[in-house]
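The lines below spell out each chain.
Protein chains: 2
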Amino acid sequence: MPMRDGTGPPWWHGRFSGCGYRMTVPRQAILDILSKTSEHLSAEDVYRAVHKSYTNVGLTTVYRTLELLVHMGLVFKFDFGDGRARYELSEGPKGARHHHHLICTGCGRVVDYTDFIDEEVELLNQTEKGLSKKYNFKITNHLIQFYGLCDGCTKK
Amino acid sequence: MPMRDGTGPPWWHGRFSGCGYRMTVPRQAILDILSKTSEHLSAEDVYRAVHKSYTNVGLTTVYRTLELLVHMGLVFKFDFGDGRARYELSEGPKGARHHHHLICTGCGRVVDYTDFIDEEVELLNQTEKGLSKKYNFKITNHLIQFYGLCDGCTKK
DNA sequence: ATTAATATTGAAAATCATTATCAATAAGGA
DNA sequence: TCCTTATTGATAATGATTTTCAATATTAAT
Numbered sequence: 035m036p037m038r039d040g041t042g043p044p045w046w047h048g049r050f051s052g053c054g055y056r057m058t059v060p061r062q063a064i065l066d067i068l069s070k071t072s073e074h075l076s077a078e079d080v081y082r083a084v085h086k087s088y089t090n091v092g093l094t095t096v097y098r099t100l101e102l103l104v105h106m107g108l109v110f111k112f113d114f115g116d117g118r119a120r121y122e123l124s125e126g127p128k129g130a131r132h133h134h135h136l137i138c139t140g141c142g143r144v145v146d147y148t149d150f151i152d153e154e155v156e157l158l159n160q161t162e163k164g165l166s167k168k169y170n171f172k173i174t175n176h177l178i179q180f181y182g183l184c185d186g187c188t189k190k
Numbered sequence: 035m036p037m038r039d040g041t042g043p044p045w046w047h048g049r050f051s052g053c054g055y056r057m058t059v060p061r062q063a064i065l066d067i068l069s070k071t072s073e074h075l076s077a078e079d080v081y082r083a084v085h086k087s088y089t090n091v092g093l094t095t096v097y098r099t100l101e102l103l104v105h106m107g108l109v110f111k112f113d114f115g116d117g118r119a120r121y122e123l124s125e126g127p128k129g130a131r132h133h134h135h136l137i138c139t140g141c142g143r144v145v146d147y148t149d150f151i152d153e154e155v156e157l158l159n160q161t162e163k164g165l166s167k168k169y170n171f172k173i174t175n176h177l178i179q180f181y182g183l184c185d186g187c188t189k190k
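Chains G and F are the protein sequences, given in the same order.
Residue numbers 35 to 190, in the working numbering, belong to the letters of the first sequence in order.
Residue numbers 35 to 190, in the working numbering, belong to the letters of the second sequence in order.
It should be emphasised that the hints constitute simulated quantities derived from the structure, not laboratory data.
Fair warning: this is a prediction, and the values are worked out from it, not measured in the lab.
Treat each hint with caution, since some may be false.
No distinction is drawn between identical chains; accordingly, a pair holds when it is met within one copy or between any pair of copies.
[Claimed, not checked] Below 20 angstroms or equal to it, Euclidean Cα-Cα: the simulated DMTMM-like pairs (lysine to aspartate or glutamate) are:
{"no.": "1", "residue 1": "172", "residue 2": "149"}
{"no.": "2", "residue 1": "172", "residue 2": "152"}
{"no.": "3", "residue 1": "172", "residue 2": "146"}
{"no.": "4", "residue 1": "86", "residue 2": "185"}
{"no.": "5", "residue 1": "168", "residue 2": "153"}
{"no.": "6", "residue 1": "189", "residue 2": "153"}
{"no.": "7", "residue 1": "163", "residue 2": "101"}
{"no.": "8", "residue 1": "86", "residue 2": "153"}
{"no.": "9", "residue 1": "163", "residue 2": "153"}
{"no.": "10", "residue 1": "111", "residue 2": "73"}
{"no.": "11", "residue 1": "168", "residue 2": "113"}
{"no.": "12", "residue 1": "163", "residue 2": "122"}
{"no.": "13", "residue 1": "168", "residue 2": "152"}
{"no.": "14", "residue 1": "70", "residue 2": "122"}
{"no.": "15", "residue 1": "111", "residue 2": "78"}
{"no.": "16", "residue 1": "111", "residue 2": "122"}
{"no.": "17", "residue 1": "163", "residue 2": "152"}
{"no.": "18", "residue 1": "86", "residue 2": "73"}
{"no.": "19", "residue 1": "86", "residue 2": "162"}
{"no.": "20", "residue 1": "172", "residue 2": "125"}
{"no.": "21", "residue 1": "168", "residue 2": "149"}
{"no.": "22", "residue 1": "189", "residue 2": "122"}
{"no.": "23", "residue 1": "163", "residue 2": "149"}
{"no.": "24", "residue 1": "172", "residue 2": "156"}
Based on the provided sequences and hints, a complete structural model is requested.
Here's what the structure looks like:
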């Protein structure tokens, strides 16, 4: 059973009941998988991982749950250009896992980086403030990705 | 026939022959459409637009051409989360059309903004340099998008 | 605890954007 | 103009994601 810090019930339980959603076994299992990996899992990946311990959880539920989690802001959904969505547990800009992606357009490899995050966050905060006001948006999120060719692909 | 400035042949003709590609009617038509719009066209959108003047150009060719243009760096491909890719003629960071996107997660509306681009470009250049060196990537591109709720959707 | 109301689930079928096939055609250099 | 080869378009295939709907599990109330 996934704990935030080992001292209480799963910290996200409240996020569900607070919104009228129910905390179920499949949902816990999916959050559990996401919280234990540092990879960029596709829905299928999550399904396979969950399926090991909970054979009866279906792919449909995985899709639905992931969508719900994205909607709740607990999960980020990424498109790295390989035709399937990738999901990661989200952390606010100050979270330990906060990072951005560097994507090789040659082989599709994805590198997580945390360098320059502080400077980026600084600038992004300002930008968000400015955009919020100017366009009357309530900004909740941002996406930053760099594209290029990795070492191996440059030489081919 | 699309011109860069009205004084010569289409400026991108050379980009094609230089790479062993051929400049064809469908390709010109597609570039023409893209250069004349400020919208975020899907492949289907481009197809419909091209189809008006060139009834015989097929959807397959549109897909293929768009992919080629993306590969050549002449076009950007975006994912705004509505299940289909969107394409825009690309301009370098200093180009007049260079902008980023602000996406409403409520209704899907996409706002182009050019505010703060200078500061962003400044930071991004530094980040790119740092990342290039650290991860041995040859960085060619970046993507920045902000997500939130637009005025209308906040009130619902 | 038991029940009632309803959110959630899973299997299968449906959707739909994008790709692969392949014979016919068109571009560009010789 | 001819030849080589890239390109095209109609059709079929692919494959990730959604929809459907009856069965089940969860929560709040009794």
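For the identical chains here, do residue 86 and residue 185 meet the 20 angstroms Cα criterion within one copy, between copies, both, or neither? Answer is neither: 36 angstroms inside a copy and 44 angstroms across each miss the 20 angstroms cutoff.
Can you give me the call for residue 163 and residue 122, within, between, both or neither, at a CA distance of at most 20 angstroms? neither (26 angstroms within a copy, 26 angstroms between copies)
Please work out whether the CA atoms of residue 172 and residue 152 approach to 20 angstroms or closer within one copy, between two copies, in both situations, or in neither? neither (22 angstroms within a copy, 23 angstroms between copies)
For residue 172 and residue 146, with the copy left unspecified, which applies at a CA distance of at most 20 angstroms: within, between, both, or neither? between (27 angstroms within a copy, 16 angstroms between copies)
Go through the copies and call it for residue 163 and residue 153: within, between, both or neither, with a Cα cutoff of 20 angstroms. Classified as both: same-chain Cα gap 16 angstroms, cross-chain 14 angstroms, threshold 20 angstroms.
How do residue 70 and residue 122 come out at 20 angstroms by Cα distance, when the copy is not named: within, between, both, or neither? Answer is within: at 10 angstroms inside a copy they meet the 20 angstroms cutoff, but 38 angstroms across does not.
Given identical chains, is residue 86 near residue 73, meaning Cα to Cα at most 20 angstroms, within a copy, between copies, both, or neither? within (17 angstroms within a copy, 45 angstroms between copies)
Reference check for the pair residue 111 and residue 122, CA-CA at most 20 angstroms: within, between, both, or neither? Only inside one copy: residue 111 and residue 122 sit 7 angstroms apart there, 22 angstroms across copies, limit 20 angstroms.
With 20 angstroms as the alpha-carbon cut-off, assign the pair residue 163 and residue 149 to within, between, both or neither. between (23 angstroms within a copy, 11 angstroms between copies)
Cα distance capped at 20 angstroms. Does residue 86 pair with residue 153 within a copy, between copies, both, or neither? neither (41 angstroms within a copy, 48 angstroms between copies)
Have a look at residue 172 and residue 125 and pick one of within, between, both or neither, based on CA distance no larger than 20 angstroms. within (19 angstroms within a copy, 28 angstroms between copies)
Should residue 189 paired with residue 122 be assigned to within, between, both, or neither, using CA atoms and 20 angstroms as the limit? neither (31 angstroms within a copy, 29 angstroms between copies)
Of the numbered hints given earlier, the model fails hints 2, 4, 6, 7, 8, 11, 12, 19, 22; all others are met.
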